[in-house]
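Turn these sequences into a full structure, and let the hints guide you.
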Amino acid sequence: MGNKNKTISFRVNEDAFETLREIAEERDISLSAVFRDYVDTLVAHDGQVQVVPEHELEEMGSGDGEESFPPTVEVPKSFIREHERLELEADHLREQLEEHKRYVNYLREQLEDDDEEVIQLEDLDAGETDEPSFRLG
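Here the sequence shown is numbered in numbering that gives the first Met the number 0, starting from 0 and rising by one per residue.
A portion of the hints provided could be inaccurate.
Unchecked claim - Cross-link-like lysine to any residue pairs, in silico, SDA-like; alpha carbons within 20 Å at most:
hint, residue 1, residue 2
1, 5, 35
2, 5, 43
3, 5, 36
4, 100, 112
5, 3, 39
6, 5, 24
7, 3, 40
8, 3, 36
9, 76, 88
10, 3, 34
11, 5, 29
12, 5, 39
13, 3, 43
14, 5, 40
15, 3, 24
16, 5, 50
17, 5, 32
18, 100, 88
19, 5, 46
20, 76, 87
21, 5, 42
22, 5, 38
23, 5, 22
24, 76, 92
25, 100, 89
26, 3, 35
27, 3, 37
28, 3, 41
29, 100, 84
30, 5, 51
31, 3, 38
32, 5, 37
33, 3, 42
34, 3, 32
35, 100, 118
36, 3, 14
37, 5, 31
38, 5, 52
Worth flagging that the hints you see were computed from the coordinates, not collected in a lab.
This is the structure in structure tokens:
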């Protein structure tokens with residue numbers, strides 16, 4: 000048929016509820032989103048999830064050689080410098096693009112505002128003498 004959402008309800012004491020509400024406010028999400036995140040994590044890890052307060056997590060991560068949470072990765076300085084260089088180059092190219100767009104718009108406005116009559120050389124008839132003639136050179 001399809002994937003239908005089901006509703007789960009359970010009771011928690013008032014202190015636990017307040018704690019969960021504070022967590023939701025800290026993360027700027029709804030209380031139901033906190034539960035959905037927990038359930039999604041629980042399902043993704045086949046029920047092998049343990050909820051630990053942050054202060055206990057910090058104590059667990061230090062001392063016994065385990066990696067801390069959240070995991071950290073060292074990035075070479077050359078990678079960071081290259082990334083910054085590319086960001087600066089991208090900003091410069093964006094500025095150039097904006098400048099070219101402004102110039103094209105300026106030229107279009109000049110073309111539209113140009114009310115001068117354009118005379119094509121092919122349209123000039125050399126045989127007519129009633130108009131003044133011009134000499135180039």
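Just to be careful, I want the Cα atoms of residue 5 and residue 40 compared with a cutoff of 20 Å; is the pair within it? holds, 17 Å
Taking 20 Å as the top limit, are the C-alpha atoms of residue 5 and residue 35 close enough? It holds: about 11 Å lies between the C-alpha atoms, which stays within 20 Å.
Residue 5 and residue 50: Cα distance at most 20 Å? violated, 23 Å
When you check the alpha-carbon spacing of residue 3 and residue 39, does it fall within 20 Å? holds, 15 Å
Between residue 5 and residue 31, does the CA-CA distance stay at or below 20 Å? holds, 13 Å
Given the hint that residue 3 pairs with residue 38, test it: the Cα-Cα distance must not exceed 20 Å. Cα-Cα ~15 Å, so holds.
Given the hint that residue 100 pairs with residue 118, does the C-alpha gap stay at or below 20 Å? violated, 30 Å
Hey, residue 5 versus residue 39, does the alpha-carbon distance stay inside 20 Å? Distance of about 13 Å is within 20 Å: holds.
Taking only the CA atoms, is the gap from residue 3 to residue 24 under or equal to 20 Å? violated, 28 Å
For the pair supplied as a hint, residue 100 and residue 89, confirm whether the alpha-carbon distance does not exceed 20 Å. This hinted pair holds, its Cα atoms lying about 16 Å apart.
Take the C-alpha atoms of residue 76 and residue 87, compute the straight-line distance between them, and say whether it is at most 20 Å. Measuring from Cα to Cα gives roughly 16 Å; hence the hint holds.
Holds or violated: residue 100 with residue 88, Cα cutoff 20 Å? This hinted pair holds, its Cα atoms lying about 18 Å apart.
The structure fails hints 6, 15, 16, 23, 24, 29, 30, 35, 36 and 38 (numbered hints given earlier, in ascending order).
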